[in-house]
Amino acid sequence: MPDYQLTTSPSLRKRHAKEARFKWYGRIAIGLSLGFLVFMFLAIILRGAGAFSQTKIYLDVQFDEQIIDPTGARNPQDLARANTKPLLTQSLSIIFPDVTQRKDKQRLYKLISSGAVYELADQIQGHPEWIGTSRHIWVTASADVDLYMKGKIDTSLDENLRKLKDRDVVWVDTLKAEGKIKKTFNTAFFTNGDSREPEMAGILGATLGTFFSLLVCFAIAFPLGILTAVYLEEYAKKSWLTNLIEININNLAAVPSIVFGLLGLSIFLGVFHLPRSTPLVGGMVLALMTLPTIIIAARASLRSVPNTIRDAALGLGASKTQTTFHHVVPLAAPGMLTGTILGMAQALGETAPLLMIGMVAFIVDIPGSVTDVATSLPVQIFLWADSPEKGFVERTSAAIIVLLVFLVLMNLLAVFLRKKLERRW
Amino acid sequence: MSTLPKPPLDLTLRHARARTQIIEFLIQLVLILCSLVAILTTLGIVLSLAFEAFRFFEKIPIGDFIFGLEWSPQTAIRADQVGSSGAFGVIPLLTGTLLISFIAMAVATPLGLLSAVYLAEYARPKTRAVIKPLLELLAGIPTVVYGFFAALVVAPILRGTGASVGFEISSESALAAGLVMGIMLVPFVSSLSDDAINAVPQALRDASLGMGATHAETVQKVVLPAATPGIVSSLLLAMSRAIGETMIVVMAAGLAAKLSLNPLDAVTTMTVQIVTLLTGDQEFDSAKTLAAFAIALFLFILTLGLNIIALKIVDSYRKKYA
Numbered sequence: 056m057p058d059y060q061l062t063t064s065p066s067l068r069k070r071h072a073k074e075a076r077f078k079w080y081g082r083i084a085i086g087l088s089l090g091f092l093v094f095m096f097l098a099i100i101l102r103g104a105g106a107f108s109q110t111k112i113y114l115d116v117q118f119d120e121q122i123i124d125p126t127g128a129r130n131p132q133d134l135a136r137a138n139t140k141p142l143l144t145q146s147l148s149i150i151f152p153d154v155t156q157r158k159d160k161q162r163l164y165k166l167i168s169s170g171a172v173y174e175l176a177d178q179i180q181g182h183p184e185w186i187g188t189s190r191h192i193w194v195t196a197s198a199d200v201d202l203y204m205k206g207k208i209d210t211s212l213d214e215n216l217r218k219l220k221d222r223d224v225v226w227v228d229t230l231k232a233e234g235k236i237k238k239t240f241n242t243a244f245f246t247n248g249d250s251r252e253p254e255m256a257g258i259l260g261a262t263l264g265t266f267f268s269l270l271v272c273f274a275i276a277f278p279l280g281i282l283t284a285v286y287l288e289e290y291a292k293k294s295w296l297t298n299l300i301e302i303n304i305n306n307l308a309a310v311p312s313i314v315f316g317l318l319g320l321s322i323f324l325g326v327f328h329l330p331r332s333t334p335l336v337g338g339m340v341l342a343l344m345t346l347p348t349i350i351i352a353a354r355a356s357l358r359s360v361p362n363t364i365r366d367a368a369l370g371l372g373a374s375k376t377q378t379t380f381h382h383v384v385p386l387a388a389p390g391m392l393t394g395t396i397l398g399m400a401q402a403l404g405e406t407a408p409l410l411m412i413g414m415v416a417f418i419v420d421i422p423g424s425v426t427d428v429a430t431s432l433p434v435q436i437f438l439w440a441d442s443p444e445k446g447f448v449e450r451t452s453a454a455i456i457v458l459l460v461f462l463v464l465m466n467l468l469a470v471f472l473r474k475k476l477e478r479r480w
Numbered sequence: 602m603s604t605l606p607k608p609p610l611d612l613t614l615r616h617a618r619a620r621t622q623i624i625e626f627l628i629q630l631v632l633i634l635c636s637l638v639a640i641l642t643t644l645g646i647v648l649s650l651a652f653e654a655f656r657f658f659e660k661i662p663i664g665d666f667i668f669g670l671e672w673s674p675q676t677a678i679r680a681d682q683v684g685s686s687g688a689f690g691v692i693p694l695l696t697g698t699l700l701i702s703f704i705a706m707a708v709a710t711p712l713g714l715l716s717a718v719y720l721a722e723y724a725r726p727k728t729r730a731v732i733k734p735l736l737e738l739l740a741g742i743p744t745v746v747y748g749f750f751a752a753l754v755v756a757p758i759l760r761g762t763g764a765s766v767g768f769e770i771s772s773e774s775a776l777a778a779g780l781v782m783g784i785m786l787v788p789f790v791s792s793l794s795d796d797a798i799n800a801v802p803q804a805l806r807d808a809s810l811g812m813g814a815t816h817a818e819t820v821q822k823v824v825l826p827a828a829t830p831g832i833v834s835s836l837l838l839a840m841s842r843a844i845g846e847t848m849i850v851v852m853a854a855g856l857a858a859k860l861s862l863n864p865l866d867a868v869t870t871m872t873v874q875i876v877t878l879l880t881g882d883q884e885f886d887s888a889k890t891l892a893a894f895a896i897a898l899f900l901f902i903l904t905l906g907l908n909i910i911a912l913k914i915v916d917s918y919r920k921k922y923a
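One line per chain: the protein sequences are H and L, in this order.
Okay, so the first sequence: first residue is 56 according to our numbering, each after it adds one.
Okay, so the second sequence: first residue is 602 according to our numbering, each after it adds one.
Honestly, the hints are just simulated from the structure, not real lab data.
Treat each hint with caution, since some may be false.
[Claimed, not checked] Which bits of chain H does chain L cover? Going by a derived footprint, with three or more residues having C-beta under 8 Å, they are: (1) 89-101; (2) 104-116; (3) 280-287; (4) 302-314; (5) 318-330; (6) 396-405; (7) 454-468.
[What the hints assert, rightly or not] Incomplete in silico selection of chain L near chain H, CB under 10 Å: (8) Ser636; (9) Ala717; (10) His816; (11) Glu818; (12) Lys889; (13) Leu898; (14) Leu905.
Just so it is clear, CB atoms sit at the ideal spot from N, CA and C, and this is done for glycine as well.
Extracted from the complex, chain H is given alone in its bound form (with noise of 0.2 Å):
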């Protein structure tokens, strides 16, 4: 065989390594591209995986009748409500009775959340039985702790450029040492509300006004979106009108979603004075803006459909409609569906609409309902972003590990669905 290399001319070889390099260019935007999202994903998980868990103090605490329930009544109100700080301060004075100085001692306390109080007075809420007792219990310690038990507080740094002490880390080394503080899974971040304290700050309260509102954005923006796809494939015929949805849709699908949280703003809360902040605006104006993607997504399928199961059903003797809706929706369902949910996963990325029409407040409460005040899961990470407590850096992480998660669980289902249901004609 002859060897072209040698009987090629310099001018070939310089074009077929323009052509090798033509094709690595490729390689390396697509290199580019996908490290980018590799380092965005190791970036967050690895500033993220922190929040997953939590720091806690090991008490001995004494439920002191006295300063939780004088009377005696153990009226679960009032027990929820009980001054449980004293109890706190207590059994950390017992773990460290040398320190004794006021000042000394309220820098003691700030070892512990400030929301550990509320955590004790639920805890007695719910055991009664605690009170006139003693007994060991593991209380959340503060963030700057939990920082500094993650390794993310450099102590070498000059004390006064950081915000646990020189004082504080031998009491935690103390505490250490004792095998009295340790680091358990965060179950808090799961089941607590937004809070100001990033170790008492959880997603719960996001995740339901996310669930809430993508419940208003299906109940609305399915039926709306399936039976326009079947109007527009199925029924109409080409007119102005046609026409003129159709070109309403394809706008729609690139206007700028901000646009529809302004919508929402001046007709939903403006017009008819639905309730701010809530699921059920949010929900709606997600609706909104995923109808174009299930409608595309919808007629596609449809369009799948072969013509032969319409001619069939008709020359049977079917009607329009019992064709279309018993024999061809059917068949187009699962296409229809996964578009669906590829238009809510979209909807559960979204942002600014809900910003614009008030689902941006700190709310402590967990939404119970589509007309609670509510955020949702993208928004809580806006918020927390934004605050300054260096704690919140992880649970921002976190938070959007979780929504990546949900993200990615959401698009492995329409992709199931597609390979489990779909037929190929």
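The hints should help you fit chain L onto chain H, whose structure is shown.
Chain L only, in chain H's frame:
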């Protein structure tokens, strides 16, 4: 068995037919009503934006808005002085928006186009089946995640690198927001360009290859020129995305309006201003809140224009090769 005479056959049939026709009509009516929601939404957007914007222009002359070089809505807070003291010039917001969008496009265009060419022309089907969804993942990630990443990771890196080579880079630089937005836009460019490249008839490629051109030469001199309309429209759509993108710029770009084309400066955008004007508690009638609607109307017209042009180009192109 009853002895009653049967009704004439054609009467029952007529009945049944009439009933079916009524049902069919009702169902069609419901379907049409559902379809009208799309039109109603557009109408709602246009009317609500136009109405509030109109009220804004009653307070601030429209000329001052469109040609004003200064944006400082904060000064107009005193009710008796609106219009005379507050500056509502949209030009600094527009330049800021365009600056960030152009940076984003400068990232997304080469990355997206080269990826599309590679996927459409070179990649084996198996590679393509893996890479394409991965690239599209970039478009599926919520923008609030990009914003967080831009503000927390990219901006400090840029500032650090800038400081080490003697550049003063603002921590809310247009560059950080633009770079991250550019990555987000890669799949918008690559998907549509990929479609456009795939739509180029194989005969054109065969002719070029048959004449002795290399594959790269074929792509550069034959395929890409033939796919230009589709590529241009993909770029326009990506640009319209960039202009309307909100969360990345809210989190990573600045708040203060500055008439600057320096990518290292902190600039603000139209979407950022809408968010800052409308979050928090304000009375609904102040020029400040109304200004947000005026900006939004401007934004809507801008993105709509880009979309219409893009769709027109795609349409004409489709006819050409159909």
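Right, here's what the structure says about each hint:
Only when three residues or more bring their CB closer than 8 Å to a CB of chain L does the claim for the segment 89-101 of chain H stand; here the count is 6, and the claim holds. Using a Cβ-Cβ cut-off of 8 Å, 0 residues of the segment 104-116 of chain H lie near chain L, which falls short of the minimum of three, so the contact claim is violated. For the segment 280-287 of chain H, the stated coverage by chain L is satisfied: 5 residues place a CB nearer than 8 Å to a CB of that chain, which reaches the threshold of 3. Three residues within the 8 Å Cβ limit are the bar, and the segment 302-314 of chain H against chain L gives 11, so the coverage statement holds.
Check on the segment 318-330 of chain H: 5 of its residues sit with their Cβ under 8 Å from a Cβ of chain L, so the three-residue criterion for coverage holds. Counting residues of the segment 396-405 of chain H whose CB lies closer than 8 Å to any CB of chain L gives 5, so the stated coverage by that chain holds, three being the minimum. Only residues whose beta carbon comes within less than 8 Å of a beta carbon in chain L count, and the segment 454-468 of chain H has 5; three or more means the coverage holds. Against a cut-off of 10 Å between C-beta atoms, the interface hint on Ser636 of chain L holds, since the closest Cβ of chain H lies about 4 Å away.
Hint status for Ala717 of chain L: holds, given a least beta-carbon distance of 9 Å to chain H, under 10 Å. The interface hint given for His816 of chain L is met, as the beta carbon of that residue sits about 6 Å from the closest beta carbon of chain H, less than 10 Å. With its C-beta approaching chain H no nearer than about 7 Å, Glu818 of chain L sits inside the 10 Å limit, and its interface hint holds. Of the supplied interface hints, the one on Lys889 of chain L is violated, with its beta-carbon coming no nearer than about 14 Å to a beta-carbon of chain H, more than 10 Å.
Using the Cβ-Cβ criterion of 10 Å, the hint placing Leu898 of chain L at the interface with chain H is satisfied: the shortest such distance is roughly 9 Å. This hint holds: Leu905 of chain L has a C-beta 6 Å from the nearest C-beta of chain H, less than the 10 Å allowed.
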